[in-house]
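Residues per chain, in single letters:
Protein chains: 2
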Amino acid sequence: MSKLDESEIIKIFQRKLGCKNFVSEDVETFKSSKPNIIAKTDTLVESTDIPPKMKLDDAARKSVVACVSDFAAKGVKPQYGIISVNFPSSISRSKVEEAASGFRKACNEFGISILGGDTNAGREVVFNVCLFGNSDGIVPRRGAKNKDLIFATGPFGYTAAGLAILLHKKKGRRDFVKKAIQSTIHAKARNVDFGVKNKRYFSSAMDSSDGLSTTLNEMAKQSKKKFVITNSPHKKDVEEFAKSQKINQDKLVFHGGEEYEFVFTINPKYKQIILKNAKSLRTPIIEIGHVTTGKGVILQRDNKTIPLKDKGWKHFR
Amino acid sequence: MSKLDESEIIKIFQRKLGCKNFVSEDVETFKSSKPNIIAKTDTLVESTDIPPKMKLDDAARKSVVACVSDFAAKGVKPQYGIISVNFPSSISRSKVEEAASGFRKACNEFGISILGGDTNAGREVVFNVCLFGNSDGIVPRRGAKNKDLIFATGPFGYTAAGLAILLHKKKGRRDFVKKAIQSTIHAKARNVDFGVKNKRYFSSAMDSSDGLSTTLNEMAKQSKKKFVITNSPHKKDVEEFAKSQKINQDKLVFHGGEEYEFVFTINPKYKQIILKNAKSLRTPIIEIGHVTTGKGVILQRDNKTIPLKDKGWKHFR
Chain A
1 MSKLDESEII KIFQRKLGCK NFVSEDVETF KSSKPNIIAK TDTLVESTDI
51 PPKMKLDDAA RKSVVACVSD FAAKGVKPQY GIISVNFPSS ISRSKVEEAA
101 SGFRKACNEF GISILGGDTN AGREVVFNVC LFGNSDGIVP RRGAKNKDLI
151 FATGPFGYTA AGLAILLHKK KGRRDFVKKA IQSTIHAKAR NVDFGVKNKR
201 YFSSAMDSSD GLSTTLNEMA KQSKKKFVIT NSPHKKDVEE FAKSQKINQD
251 KLVFHGGEEY EFVFTINPKY KQIILKNAKS LRTPIIEIGH VTTGKGVILQ
301 RDNKTIPLKD KGWKHFR
Chain B
1 MSKLDESEII KIFQRKLGCK NFVSEDVETF KSSKPNIIAK TDTLVESTDI
51 PPKMKLDDAA RKSVVACVSD FAAKGVKPQY GIISVNFPSS ISRSKVEEAA
101 SGFRKACNEF GISILGGDTN AGREVVFNVC LFGNSDGIVP RRGAKNKDLI
151 FATGPFGYTA AGLAILLHKK KGRRDFVKKA IQSTIHAKAR NVDFGVKNKR
201 YFSSAMDSSD GLSTTLNEMA KQSKKKFVIT NSPHKKDVEE FAKSQKINQD
251 KLVFHGGEEY EFVFTINPKY KQIILKNAKS LRTPIIEIGH VTTGKGVILQ
301 RDNKTIPLKD KGWKHFR
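Protein chains in written order, with UniProt numbering: chain A, 1 to 317; chain B, 1 to 317.
Please keep in mind that the hints were generated in silico from the structure rather than gathered at the bench. Take the hints with a grain of salt, since some may be wrong.
For chains that are exact copies, the list does not tell them apart, and a pair is met inside one copy or across any two.
Simulated crosslink set (DSS-like; lysine-lysine; CA at most 25 Å straight-line) [as the list claims (entries may be wrong)]:
id : residue 1 : residue 2
1  : K226      : K170
2  : K31       : K77
3  : K20       : K197
4  : K31       : K197
5  : K11       : K295
6  : K169      : K20
7  : K304      : K314
8  : K199      : K145
9  : K314      : K3
10 : K243      : K226
11 : K188      : K171
12 : K271      : K235
13 : K226      : K11
14 : K179      : K55
15 : K271      : K197
16 : K236      : K55
17 : K77       : K34
18 : K53       : K20
Keep in mind the model is a prediction, meaning the values are calculated, not measured.
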């Protein structure tokens, strides 16, 4: 296999992304009809974020999904993107094509126009995606009020179960294994429209990709409230898998991360309208608890109360 | 030395950058008074872009300078930034502080507000900087006209000479060695104001950081013109160093790269005003040639004409 040079890699990206301007100007330009510009950068690193069996197209798509998910949680639609990629200099043409295809697939899926980007040589694959949108305002992490209801899109637990199967050789029922692995290697993204169309009802919201416990603790902390979780957002099959494989079920559901769901709080008076909108936009949502005075996050289960600490994904751990 | 966790790294960045919001929201927000938003991402990779003896603060600053340089060439002032960093998990506190200091230094230098960012674990240090500004329009790469004069800020050659000294043990006069190494490890940035205040006179412009020959060829190609270079933008000391060390002088001046100068073309009628403005803004500029019908770039020297091919920096080479 002959080594690719930078201009060949750029050509592959230009062709696959239908973006003639990939690396054709010093800077990128886009227009905004609203004064608030929303931007988010997300970085996916091979050694940290690409589990075994995940192909580069799924990894490229995941790097876009991760960024889209942050926008969705804030009620903003991303419109434009810049993609910066690092490849080892030994990368093959087919791997580069795979990555470019993943970016194209994700951009088509979410209606994002790629403005441009750049390619770099490095020791491992790194995908850096920066997305842009505009908005009259965003739903903050810090706005939860007393008596608000806490909802999450979901359910949770499959991605962590899939990782346990891939990395630690855990076993399960064939259909569960398939579903869990699929959830790990093919990032699922929630309907951005659900966030955009319902943002006016959200008092606070946050993406869950660092782990549900991290998200809940961060929202409680920023809102200066206590979050009481009365309903674990998982299905029976995750519970059965956890029991049979002797894995703590809460670890799968609350501390896994890499799930592109989001958590939001609403005033109880909006409950019916939110349930109706979720149904019409085919977005599964689960009521998981409520907000009260105090601090931290607690889990109420079987008449017991246990603290739900922030044990989600941390780099450098 | 104890291992740092992600929250400690984030705290160092929050403190050093004076940016409480570093990782406090899912997305970043900024306001724009003009409808055209200008954005640019630049990635600096340890194994490719950090030469020996360059400290992490200089590397962090360089990653900002590289991005600022692209803005300057387009006549736009960058206002906001997002910083995404990868560190190996074994990184020490002092290295993280060094990096954060470099970012702070650069942001103060160029008046850039950091909106936020994120931190990731990876096999090597990667700095990804995304800067934003707004503008009524940018100077394109493709606008050069027949008879336009070609100018470059400069002079060129010191950075490549410094690399030759650091990597290939080349030798030179003590003051030259010092100047060349300084140019390699401490990226020099041109006055952004020179670009912003003179953009109306530029018919085309481009940053030179991939190498002067790459820049000239790209501008000629996009403008569908021939660029005739009659004056190599270097000083006597680079010529002497090249001769004494048996290095091709054109290689140092035209093909080195990592010099954050820029090239622009103007209608000859603006020559006096450009020279005057360069003087008042203390920006050294050098007239290097002119634009004519045809294609490619040629170098006229001693009554000979030689093609000046694109031999600047290419990743994956």
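Evaluated hints:
| no. | hint | verdict |
| --- | --- | --- |
| 1 | K226 x K170 | neither (35 Å within a copy, 65 Å between copies) |
| 2 | K31 x K77 | both (15 Å within a copy, 17 Å between copies) |
| 3 | K20 x K197 | neither (33 Å within a copy, 30 Å between copies) |
| 4 | K31 x K197 | both (22 Å within a copy, 22 Å between copies) |
| 5 | K11 x K295 | between (53 Å within a copy, 21 Å between copies) |
| 6 | K169 x K20 | neither (44 Å within a copy, 42 Å between copies) |
| 7 | K304 x K314 | neither (28 Å within a copy, 62 Å between copies) |
| 8 | K199 x K145 | within (15 Å within a copy, 51 Å between copies) |
| 9 | K314 x K3 | between (36 Å within a copy, 13 Å between copies) |
| 10 | K243 x K226 | neither (30 Å within a copy, 73 Å between copies) |
| 11 | K188 x K171 | within (22 Å within a copy, 57 Å between copies) |
| 12 | K271 x K235 | within (22 Å within a copy, 73 Å between copies) |
| 13 | K226 x K11 | between (52 Å within a copy, 24 Å between copies) |
| 14 | K179 x K55 | within (17 Å within a copy, 47 Å between copies) |
| 15 | K271 x K197 | within (15 Å within a copy, 55 Å between copies) |
| 16 | K236 x K55 | neither (29 Å within a copy, 53 Å between copies) |
| 17 | K77 x K34 | both (13 Å within a copy, 20 Å between copies) |
| 18 | K53 x K20 | neither (32 Å within a copy, 38 Å between copies) |
Consistency note: the structure conflicts with the earlier hints numbered 1, 3, 6, 7, 10, 16, 18.
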